[in-house]
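Chains as they are written, first to last, in full-length UniProt numbering: chain A, 1 to 563; chain B, 1 to 189.
Source of the hints: derived by calculation from the structure; they are not laboratory data. These numbers come from a predicted model, not from an experiment. Hints are supplied without guarantee of correctness; some may be wrong.
To be verified - To spell it out: a stretch of chain A is covered by chain B in this simulated footprint if at least three of its residues, at any positions, have a beta carbon under 8 Å from a beta carbon of chain B; those stretches are:
#	segment
1	11-21
2	76-90
3	242-253
Where is the CB? At the ideal position from N, CA and C, for every residue including glycine.
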Amino acid sequence: MAATAWGQFLALVALLALTAPVLGRYAGAVYGGGGAPGDRLFLPAERLVYRICGVDPGREQHWTRYAFSLLAFGLVSFLALYALLRLQGVLPLNPLGLPGLDPHAAFNASVSFTTNTNWQAYAGEAAMSHLSQMSGLTVQNFVSAAAGMAVMAAFVRGIARRGAETVGNFWVDLTRGVVRILLPLSFLLALFLVGQGVVQNLNGHTVATTVEGAAQAIPGGPAASQVAVKQLGTNGGGFFDANSAHPFENPTALSNLVQTWAILIVPFSLALAYGHLCGDRRQGRAVFATMFAVWALVSVAVMLLESAANPLLAGTGADQAAGHLEGKETRLGAAASGLWAASTTGTSNGSVNAMHDSLSPLGGGLSMLHMMFGEVSPGGAGVGLNGMLVMVLLTVFLAGLMTGRTPEYLGKKITAAEIKPVVLYLLAVPVVLLGFAAASAVNGAALASLNNTGPHGLSEILYAYASTANNNGSAFAGLDASTPWFTVTTGVAMLAGRFLLLIPVLAIAGSLARKRPVPAGVSTLPTHTPLFGGLVVAVVVVVAGLTFLPALTLGPLAEYFAL
Amino acid sequence: MLRQLFAALAMTAVATVVLGLAYPLAVTGIAQVLAPERADGSLVERDGEVVGSALLAQGFTGPEYFHPRPSAVDHDPRDSGGSNLGPSAPALAADVAARAAAYRGANGLAPDAPVPVDAVTASASGLDPHISPENARLQADRVARARGLDAAAVRALVGEHTVPRALGVLGEPGVNVLGLNLALDRAAD
Chain A
1 MAATAWGQFL ALVALLALTA PVLGRYAGAV YGGGGAPGDR LFLPAERLVY
51 RICGVDPGRE QHWTRYAFSL LAFGLVSFLA LYALLRLQGV LPLNPLGLPG
101 LDPHAAFNAS VSFTTNTNWQ AYAGEAAMSH LSQMSGLTVQ NFVSAAAGMA
151 VMAAFVRGIA RRGAETVGNF WVDLTRGVVR ILLPLSFLLA LFLVGQGVVQ
201 NLNGHTVATT VEGAAQAIPG GPAASQVAVK QLGTNGGGFF DANSAHPFEN
251 PTALSNLVQT WAILIVPFSL ALAYGHLCGD RRQGRAVFAT MFAVWALVSV
301 AVMLLESAAN PLLAGTGADQ AAGHLEGKET RLGAAASGLW AASTTGTSNG
351 SVNAMHDSLS PLGGGLSMLH MMFGEVSPGG AGVGLNGMLV MVLLTVFLAG
401 LMTGRTPEYL GKKITAAEIK PVVLYLLAVP VVLLGFAAAS AVNGAALASL
451 NNTGPHGLSE ILYAYASTAN NNGSAFAGLD ASTPWFTVTT GVAMLAGRFL
501 LLIPVLAIAG SLARKRPVPA GVSTLPTHTP LFGGLVVAVV VVVAGLTFLP
551 ALTLGPLAEY FAL
Chain B
1 MLRQLFAALA MTAVATVVLG LAYPLAVTGI AQVLAPERAD GSLVERDGEV
51 VGSALLAQGF TGPEYFHPRP SAVDHDPRDS GGSNLGPSAP ALAADVAARA
101 AAYRGANGLA PDAPVPVDAV TASASGLDPH ISPENARLQA DRVARARGLD
151 AAAVRALVGE HTVPRALGVL GEPGVNVLGL NLALDRAAD
């Protein structure tokens, strides 16, 4: 790998190192319950929202009520988005006169965007009106991310509180996450992206007569405002079909670096915010370091793999010094594409700047595995920290079993009340992912959707359910996901991957909030050390390995060895 | 419970107005004031007519123009995307071999001359506006011949239109094909 590739990696690490501590401290204040920077500006706006919505911000919720609020909001969001997508043909801001989506496509897209997945069984520029993109998809980009961050805030309160019955107020957490974190950051990022060349207008097609005399339809649309929050909220749904490979979404190498940063910054910052919120900053740094280590290793590996030549093309005379460029853009190159692929799959973002279907066998396989880790390195906005803390609880439980002591975390005994939801959390995704993948592999209608055959065909199926069940949203896009089989099964996978994880997390939060910590003793396992961080990484890798290695062997590994 | 459902409805309505209308329209307004050319798609005009976008490839085929990278969508921005051929797909090997042979033939290269990988692989968007500097250098002689120009002059023009790595390390250098071809036409006038 060239020196410039390492330079890109280090530039990204430096940007993250400069900004994550600042945003982490700020986010800690946003969810901490005391005063926070910008109160004078934000508090009046928040109070107005609470008044309109009939919310008493001082009234906290039991975890079951918190969960009910989350589900109610998810349901209403889904219905509103579904109605908008079905009716877009008769609504304004539709310069191309696009018809409403059919029921399958509207169901799939509505589930996808309300679960923060942004799996796309449609092509944005050919299916979505500007109104749908703005008032449907952009809105869900904000609130689905803020809902995940809200559950994280409730989880952390559960860990930090003693003898408490409540874990916070969902509506307050939702509002503050949007108003104080996502909206200001998105606004600034959107303007930066316009400066780089990302389009932001309400035009239909501008028809150009090309230099050689052909007609070329140049698309318009409010893309920058959506691309900004698509990255910051770990959403990932492209305004255009080619997502951030499209020059109108990601025009320069600089916009590419900043978008890669935007994919990672919120989840990494929330790990540090956790340290502020639980009153022990070492815990936040330990979680951050654990996430960072996995992300950095996978990133460098995928960068190296994509910068290498494809052996299949050895006899064709192609000079592959620049790497394997099928499905990659010239201005970005192979290394920046690999770095993005690792970052978008380690978060539950799912935007792409290269076509993942054309990644090298191991590069694509590692991207898949990165999702199968359960989106914890650093994972989605809020939900990534949830996932990592669940892995931490599992690790202290396993360590407790090994040493014969009652496991505890931050002084609280971890008992069956917590471990049962932990196991439910860990089982939901593999059951859905492997179940649907197996059913697809023996289903003629599903197999007809494949763009590639052999091991790579299986990879297309595996990737689809790894992506949807983990609420990632990226795709091996050769797979035709718009068929009834895939719209329904990926829709179910997205719902399971969202709510069968968030509800157990809230149950753990409710149980932990009631407990009172006991003083640390000589045999207490410290959870802020490199040793413990290494143990967590090992647990993440072993759980994913035991679950998914057989499937990965038949897909990416078989393809690698056959090449 | 009813109170929660009402809150969900009201919150969705507020979010739609603030995040779904006010925010994108505010960004649009500011963008249209501060950087209207970029916000509208970096359109390129010649003699008052829009001939394309500086950010989108066009399917140049004539020998007197530099050619863009192959596109899985025929350089049509109404439907962006790549080939999605896997790294082991036989069709990929066949496509690349055919493109390499055509590239060598068009540019007068030896039958075993290596061809830059960007010239024979389809881009991710199908609209990649750039080619690698080496790809442009290899096409320069053909373009010069077709135009009756000095090859050195064409190569100099390629150099002028080569965009280096941003900040020295980001991305890869590239040559904007539309910009270069328009400059060639201007040089001919």
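These are the hints, each one checked on the structure:
Coverage of the segment 11-21 of chain A by chain B is violated [criterion: at least 3 residues with CB-CB distance below 8 Å; count 1]. Given as covered by chain B, the segment 76-90 of chain A passes the check, having 3 residues with a CB less than 8 Å from a CB of that chain where 3 are the minimum. With 8 residues carrying a beta carbon less than 8 Å from a beta carbon of chain B, the segment 242-253 of chain A meets the three-residue requirement, and the given coverage holds.
When the structure is compared with the earlier hints, a violation turns up for hint 1 alone.
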